[in-house]
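Listed below are the residues making up each chain.
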Amino acid sequence: MYQSDSEGWASSKDLRSHLGHLESELRFLSTLTGISIRNYSMKTEDLTNTEKKEKSIMKVLQRHRLSGNCRMITFQLEFQILEIQNKESLSSVITDLNIIMEPTEYSELSEFVSRAEERRDLLMFFRSLHFFVEWCEYRKRTFEHFKERSGPARRGVTSLQPVVCRDWEAETKRLHSRDWSQDQCTKEKYPAAVHLPEGAASSCMAVRSTCQPGFELVIVWRVQIDEEGKVLPKLDLLPKAPQQALKLDRNRVLETAPLSFRALLGTLGIEAALESLIKSLCTADYD
Amino acid sequence: MEWANDGKTRGGVLAHLERLEIQVNRSRKNLEDLQRAQAVESALGTKIHKLRCLRDELRAEAKQRQARVKASTVNVEPDQTPEISEQEVAKRRKENVKAILQAYRFTGLSGKLTSRGVCVCISTAFEGNLLDSYFIDLVIQKPLRIHHHSIPVFIPLEELSAKYLQTNIQHFLFCLCEYLNAYAGRKYQADRLQSDFAAFLAGPLRRNSLCNLLSFTYKVEPRGQSFPFCARLLYKDLTTALPTDVTVTYQGTDALSSSWEEQRASHENLFFSKPLHQVFTSFARKGEKLDMSLVS
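If you read the protein sequences in the order shown, they are chains Z and B.
With the first sequence counted from 1, adding 439 to any position gets you the working numbering.
With the second sequence counted from 1, adding 405 to any position gets you the working numbering.
Accuracy of the hints is not assured; some may be wrong.
As the list claims (entries may be wrong) - Derived lysine-lysine pairs resembling DSS-like cross-links, with alpha carbons at most 30 Å apart: (1) Lys496/B to Lys669/Z; (2) Lys679/B to Lys452/Z; (3) Lys679/B to Lys669/Z; (4) Lys694/B to Lys452/Z; (5) Lys452/Z to Lys579/Z; (6) Lys503/B to Lys452/Z; (7) Lys624/B to Lys568/B; (8) Lys468/B to Lys669/Z.
What the hints assert, rightly or not - Residues from chain B that keep clear of chain Z, each with C-beta distances beyond 10 Å, as calculated: (9) Arg470; (10) Lys475; (11) Gln546.
In short, the hints are calculated from the structure, not lab data.
Backbone N, C-alpha and C define an ideal beta-carbon position, used for all residues, glycine too.
Same shape as in the complex, but just chain Z:
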């Protein structure tokens, strides 16, 4: 039903343009934060009783429902906030928090979610969720990058400059200024087969040498959230080799490989360490 009087049209237009403005603000905020809230509702319940009114203390219980997503993870939250207003101050305390997340394949998240619920720390939940998703995306891009650049043996592979990186902060900075399109290697491939056993969002990458099929290196990259909500990557190397090779390994290179990998990570950073690992599988093909 359209309003037929001019006044009606004007207010309807205003309303629509105002709505348009608000919706673009919402889209902007969603892009800025990486968190998209799709639904939200709130109910309030006044808990002030006459006794409190005399002391001019007001108590209100708010029940909030929020749902949305952060990239590939969707969340649904229900929480309660108790607001107490007395003469001097207003205090707001989250008194209950329930979180449901999908997908549940990120097993690292379920423990974190229960901790956030226990502590009723809503803000920490979103903060850590953001950093967790960021690290997962970096892991996915890195693994995909190596998968794309590996394949049948070809001579004359030039190497990326290994970047010396001494701490996770610097690593994170590189993570964000990384422009994958600028890779100077034009489709030159490593003579190794890279396989992501769990699919695109795999937490591990298996590298098999095409010239020595018995050897395999599995790199496990977990994204962990600690007690305080800090998100940290944890990488481990699981080497696999045929029995004969183990017997010949007098310098115990394979045994000490996991530890050496950790040290390598600390010096070269994640990408360069993975790259040097993949290359090390086929040193015979070079020179």
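Since chain Z is already given, all that's left is putting chain B on it; use the hints.
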């Protein structure tokens, strides 16, 4: 029966007997090992079964909760009948969008578009207590710059903006959020200690503005006369609200007995692992327990 007298044969029979004995012992031991292994296996089997049942229970509960939340999160749009005017629909949608914009403060980051760019509001909280918010007004130009802000001077804003503002604004904002929330948490703990547990402290709590270096002298019993412990807490990691270095020293006039030393060491552990005011809450509770035991 004639027993052979030469050592060889006797050795033979005895040796044979010995071998038989060893065999019996070995097979007995194997049987015991096997039985033990079977017992462990069945215990583990029972455990697995119990855990599976628990897992199924929890899965069912989670599904139920999910269904409940889904059912109630479906936004209240009572009837989609054409009687409701487009205007009404637009109005409701507007209210909904406005509410969602407000709700962003629960994520830690919210904001409003400005003529220059955006004014971002960073909210802080500690353990469910909603605390101060800070704002940062950004001008959206090349390069991005900060117009003005209410970030306290001891938060490393310049450092963070130099590292991330131009390349990844989202990361910049969340890092800032981390620092501010950690600061708010440390400040909250120090404030609560000063206000709620003043009776346990000798003199004021010494603190810096960043609230990452605290030092105080305290006692454990509310009725005690002396303040036997001196604590120094350093929070080197500015993104956390728990200390990285804790030193508790014994100041009392009694000789340092093992019980004092035990207390001192356990206090150090407490300060590392629990928020400051919660440590003192546990001291107070212990004191109450003692009191009750005296009365009865």
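A quick look at each hint next to the structure:
{"no.": "1", "hint": "Lys496/B to Lys669/Z", "in the structure": "violated (41 Å)"}
{"no.": "2", "hint": "Lys679/B to Lys452/Z", "in the structure": "violated (56 Å)"}
{"no.": "3", "hint": "Lys679/B to Lys669/Z", "in the structure": "holds (16 Å)"}
{"no.": "4", "hint": "Lys694/B to Lys452/Z", "in the structure": "violated (69 Å)"}
{"no.": "5", "hint": "Lys452/Z to Lys579/Z", "in the structure": "violated (46 Å)"}
{"no.": "6", "hint": "Lys503/B to Lys452/Z", "in the structure": "holds (18 Å)"}
{"no.": "7", "hint": "Lys624/B to Lys568/B", "in the structure": "violated (44 Å)"}
{"no.": "8", "hint": "Lys468/B to Lys669/Z", "in the structure": "holds (28 Å)"}
{"no.": "9", "hint": "Arg470", "in the structure": "violated (6 Å)"}
{"no.": "10", "hint": "Lys475", "in the structure": "violated (7 Å)"}
{"no.": "11", "hint": "Gln546", "in the structure": "holds (16 Å)"}
This entry does not satisfy hints 1, 2, 4, 5, 7, 9 and 10, going by the numbered hints stated previously.
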